[in-house]
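Whole structure, please, built from the sequences with the hints as guidance.
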Amino acid sequence: MNQLRRATCGELTSADEGSAALLKGWVNTTRDHGGLIFIDLRDRFGLTQVVVDPRSAPAAAEVAASLRSEDVIAAQGLVRRRPAGTENRKLATGEIEIAAESIDVLNRSKTPPFPIHDDSDVDEGLRLRYRYLDLRRPHLQRSIALRHRAVKAVRDYLDSRGFLEIETPMLIKQTPEGARDFLVPSRLHAGAFYALPQSPQLFKQLLMVGGFHRYFQIARCFRDEDTRADRQPEFTQIDLEMTFPTQEDVIEIMEGMLAHMFEAALGAKVATPFPRLSHAEALRRFGSDKPDLRFAMELHDVGPAFTGTEFKIFADALSRGNAILALAETGGASRSRRDMDALAALATTFGAKGLAWISLAPDGPKSSLPKSALTPQLVDSLKAQTKAQEGDAIYLLADERSLAQAIAGKLRLHIADERGMRDPKQFAFCWVLDFPLFERDEESQGLQPAHHPFTAPAPGSEALSGDPLQLRAQHYDVVLNGMELGSGSIRIHDPALQRKIFTLLGYSDDDVERKFGFLLEAFEYGAPPHGGIALGVDRIILLMAGGESIREVIAFPKNQRFQDLMINAPTPVEPAALKELHVRTDIPPPRT
RNA sequence: GGCGCUGUAGCUCAGUUGGUUAGAGCGCCUGCCUGUCACGCAGGAGGUCGUGGGUUCGAGUCCCAUCAGCGUCGCCA
Numbered sequence: 003m004n005q006l007r008r009a010t011c012g013e014l015t016s017a018d019e020g021s022a023a024l025l026k027g028w029v030n031t032t033r034d035h036g037g038l039i040f041i042d043l044r045d046r047f048g049l050t051q052v053v054v055d056p057r058s059a060p061a062a063a064e065v066a067a068s069l070r071s072e073d074v075i076a077a078q079g080l081v082r083r084r085p086a087g088t089e090n091r092k093l094a095t096g097e098i099e100i101a102a103e104s105i106d107v108l109n110r111s112k113t114p115p116f117p118i119h120d121d122s123d124v125d126e127g128l129r130l131r132y133r134y135l136d137l138r139r140p141h142l143q144r145s146i147a148l149r150h151r152a153v154k155a156v157r158d159y160l161d162s163r164g165f166l167e168i169e170t171p172m173l174i175k176q177t178p179e180g181a182r183d184f185l186v187p188s189r190l191h192a193g194a195f196y197a198l199p200q201s202p203q204l205f206k207q208l209l210m211v212g213g214f215h216r217y218f219q220i221a222r223c224f225r226d227e228d229t230r231a232d233r234q235p236e237f238t239q240i241d242l243e244m245t246f247p248t249q250e251d252v253i254e255i256m257e258g259m260l261a262h263m264f265e266a267a268l269g270a271k272v273a274t275p276f277p278r279l280s281h282a283e284a285l286r287r288f289g290s291d292k293p294d295l296r297f298a299m300e301l302h303d304v305g306p307a308f309t310g311t312e313f314k315i316f317a318d319a320l321s322r323g324n325a326i327l328a329l330a331e332t333g334g335a336s337r338s339r340r341d342m343d344a345l346a347a348l349a350t351t352f353g354a355k356g357l358a359w360i361s362l363a364p365d366g367p368k369s370s371l372p373k374s375a376l377t378p379q380l381v382d383s384l385k386a387q388t389k390a391q392e393g394d395a396i397y398l399l400a401d402e403r404s405l406a407q408a409i410a411g412k413l414r415l416h417i418a419d420e421r422g423m424r425d426p427k428q429f430a431f432c433w434v435l436d437f438p439l440f441e442r443d444e445e446s447q448g449l450q451p452a453h454h455p456f457t458a459p460a461p462g463s464e465a466l467s468g469d470p471l472q473l474r475a476q477h478y479d480v481v482l483n484g485m486e487l488g489s490g491s492i493r494i495h496d497p498a499l500q501r502k503i504f505t506l507l508g509y510s511d512d513d514v515e516r517k518f519g520f521l522l523e524a525f526e527y528g529a530p531p532h533g534g535i536a537l538g539v540d541r542i543i544l545l546m547a548g549g550e551s552i553r554e555v556i557a558f559p560k561n562q563r564f565q566d567l568m569i570n571a572p573t574p575v576e577p578a579a580l581k582e583l584h585v586r587t588d589i590p591p592p593r594t
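To convert, note that position 34 of the first sequence is 36 in our numbering; the numbers rise steadily by one, no gaps.
Treat the hints as calculated values from the structure; they're not laboratory data.
Careful: at least some of the hints might be erroneous.
[To be verified] 20 Å max Cα-Cα, derived DMTMM-like pairs, lysine to aspartate or glutamate:
#: 1; residue 1: 314; residue 2: 402
#: 2; residue 1: 412; residue 2: 300
#: 3; residue 1: 355; residue 2: 303
#: 4; residue 1: 26; residue 2: 103
#: 5; residue 1: 154; residue 2: 257
#: 6; residue 1: 314; residue 2: 303
#: 7; residue 1: 355; residue 2: 318
#: 8; residue 1: 385; residue 2: 300
#: 9; residue 1: 112; residue 2: 73
#: 10; residue 1: 92; residue 2: 42
#: 11; residue 1: 26; residue 2: 55
#: 12; residue 1: 92; residue 2: 121
#: 13; residue 1: 385; residue 2: 303
#: 14; residue 1: 502; residue 2: 515
#: 15; residue 1: 175; residue 2: 226
#: 16; residue 1: 373; residue 2: 312
#: 17; residue 1: 368; residue 2: 382
#: 18; residue 1: 412; residue 2: 303
#: 19; residue 1: 502; residue 2: 513
#: 20; residue 1: 26; residue 2: 42
#: 21; residue 1: 368; residue 2: 343
#: 22; residue 1: 502; residue 2: 523
#: 23; residue 1: 175; residue 2: 511
#: 24; residue 1: 92; residue 2: 18
#: 25; residue 1: 412; residue 2: 343
#: 26; residue 1: 175; residue 2: 515
#: 27; residue 1: 175; residue 2: 512
#: 28; residue 1: 271; residue 2: 257
#: 29; residue 1: 412; residue 2: 402
#: 30; residue 1: 412; residue 2: 550
#: 31; residue 1: 412; residue 2: 232
#: 32; residue 1: 373; residue 2: 343
#: 33; residue 1: 368; residue 2: 392
#: 34; residue 1: 560; residue 2: 226
#: 35; residue 1: 292; residue 2: 425
Remember, it's a predicted structure, so these values are computed and weren't measured experimentally.
The structure is reproduced here in structure tokens:
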């Protein structure tokens, strides 16, 4: 006599033939042939076909005939090999089926608002409203499981490298700079507020002072910024910090972790070490501080080729000290004039004043440049520098250098997208190094940190002398396929240096004391040199999954307006609740 | 906050120049069907054309406003 085996819907094979099995799950689809009913039973492990024959199991057949999509049932019967020729090779369990002896309905389902058994296109608002149903669909089942495997790989790897997972608080203090904070009113302290962390930055530094040497956390972070595609008000970071590291130490651990993550979660081999570029080189060659290295199409400074040009716009640009940058598109000569105009119009939306082009057509170059400017010497020189050949096109941008780089960088990505050169199955990592310590704040014209104010200056720059904008930082970004995965730095551990940085950034002594006094005080007690990095989990999983939207890798995401359409949040609260919190609302009247 | 796209059956969509009773596929309901696996066949139900106003003899279609979803830019030390 066979013992009854409780099985998932993904595990039975012909090896189990003859055993009695009990399966529970959702009705994926049914096929009622009148005399014979097929049920595809689903759980997260797979699909198993249950067959009900009214001659041998009349009661089960009656139940089976009443089943509808998403009913939850328990089916019991013998595992048997499917008749020859009826195997389903698309299913892991496709060699067998369950010959049902009994079927119990555990719960009925209303007709779902959208199909569950496939990934057919459905309005995202509807999916978010019924997220628990959306989660049952194959796509989200896959990406949430992928996320689990990836995060588990991170924990395993960092554990093996001596890191401790430590939680840091969610109710903390408002930070003066950076993104807007979410505030939480305190009932017990009238008029005072906690803030939700934008990152565990200060706490992880204090954990280093606290002697834990190697810390990590899968940390939830909150930023109350304006909405944007691929942004969520709460998101997750792999946050880590270590004592006594060099930049090389952090890089080595990250490369190991990412390679392990991609291997363990995806089976993808990632070559290490990753290529490295300086910040300046990334901007010069790719027009971005997060270059997509899956393809070349580099930028070229072709200013010298235009010395003495008849083309007034470029001549003027050169005389003002602006740059002329070129980008060559392989096969670009096949673009029509109209296509070129569209590209130029696009460049304008990126902030370009215009876009000149030279099409290296087989019957001679065509160009938006005036004939007089398009000398053979110029064409030869551009071809030599950009390595463009007949059949290609060369695009030219003249502007202030950093602006021209940014525009050319966007154009480069756009053309690559058009040409399908950004293969989501290919993973091109790189490090961007030698960031400036400070940037010019466009609004106030003051200094702002390129990363954050705790970043240590590069060796040799500790004196902070000379032009602050020329100072380099021990700051490193890891980039994948044109997306910044994470950003880190060696931190300042010397309280005097930290004070100097705050002063350069325009903080008064009072400000520093009030906002960062606890950190500076901690540094007075033998703070070890330390550094670390934080990586965006949602983005990494998105790139692994080859998906389009970060919402595809989060179980319960907010919509584009940062609302949860399922639970309907945020919502106004009762006046009594506000009163208890000592909070009064001041809502602007609706516009009329 | 700005700009763009989209709102027609439960879902995905079509709907001509403004003109009779607004359609299709899937889903749903009923019946038939013993080897299907997106089963098949026959029949049926299902619509405030997002909402409000306007133009017109007549509006799904044109205009204005508004709401919602998605995308995009500013913003994100």
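Each hint, compared with the structure:
no. : hint         : verdict
1   : 314 with 402 : holds, 16 Å
2   : 412 with 300 : holds, 12 Å
3   : 355 with 303 : holds, 17 Å
4   : 26 with 103  : holds, 14 Å
5   : 154 with 257 : holds, 16 Å
6   : 314 with 303 : holds, 18 Å
7   : 355 with 318 : holds, 13 Å
8   : 385 with 300 : holds, 13 Å
9   : 112 with 73  : holds, 8 Å
10  : 92 with 42   : holds, 13 Å
11  : 26 with 55   : holds, 19 Å
12  : 92 with 121  : holds, 16 Å
13  : 385 with 303 : holds, 13 Å
14  : 502 with 515 : holds, 13 Å
15  : 175 with 226 : holds, 15 Å
16  : 373 with 312 : holds, 9 Å
17  : 368 with 382 : holds, 14 Å
18  : 412 with 303 : holds, 16 Å
19  : 502 with 513 : holds, 13 Å
20  : 26 with 42   : holds, 11 Å
21  : 368 with 343 : holds, 13 Å
22  : 502 with 523 : holds, 15 Å
23  : 175 with 511 : holds, 19 Å
24  : 92 with 18   : holds, 19 Å
25  : 412 with 343 : holds, 17 Å
26  : 175 with 515 : holds, 14 Å
27  : 175 with 512 : holds, 17 Å
28  : 271 with 257 : holds, 12 Å
29  : 412 with 402 : holds, 16 Å
30  : 412 with 550 : holds, 18 Å
31  : 412 with 232 : holds, 18 Å
32  : 373 with 343 : holds, 18 Å
33  : 368 with 392 : holds, 11 Å
34  : 560 with 226 : holds, 13 Å
35  : 292 with 425 : holds, 17 Å
When the structure is compared with the earlier hints, no violation turns up for any of them.
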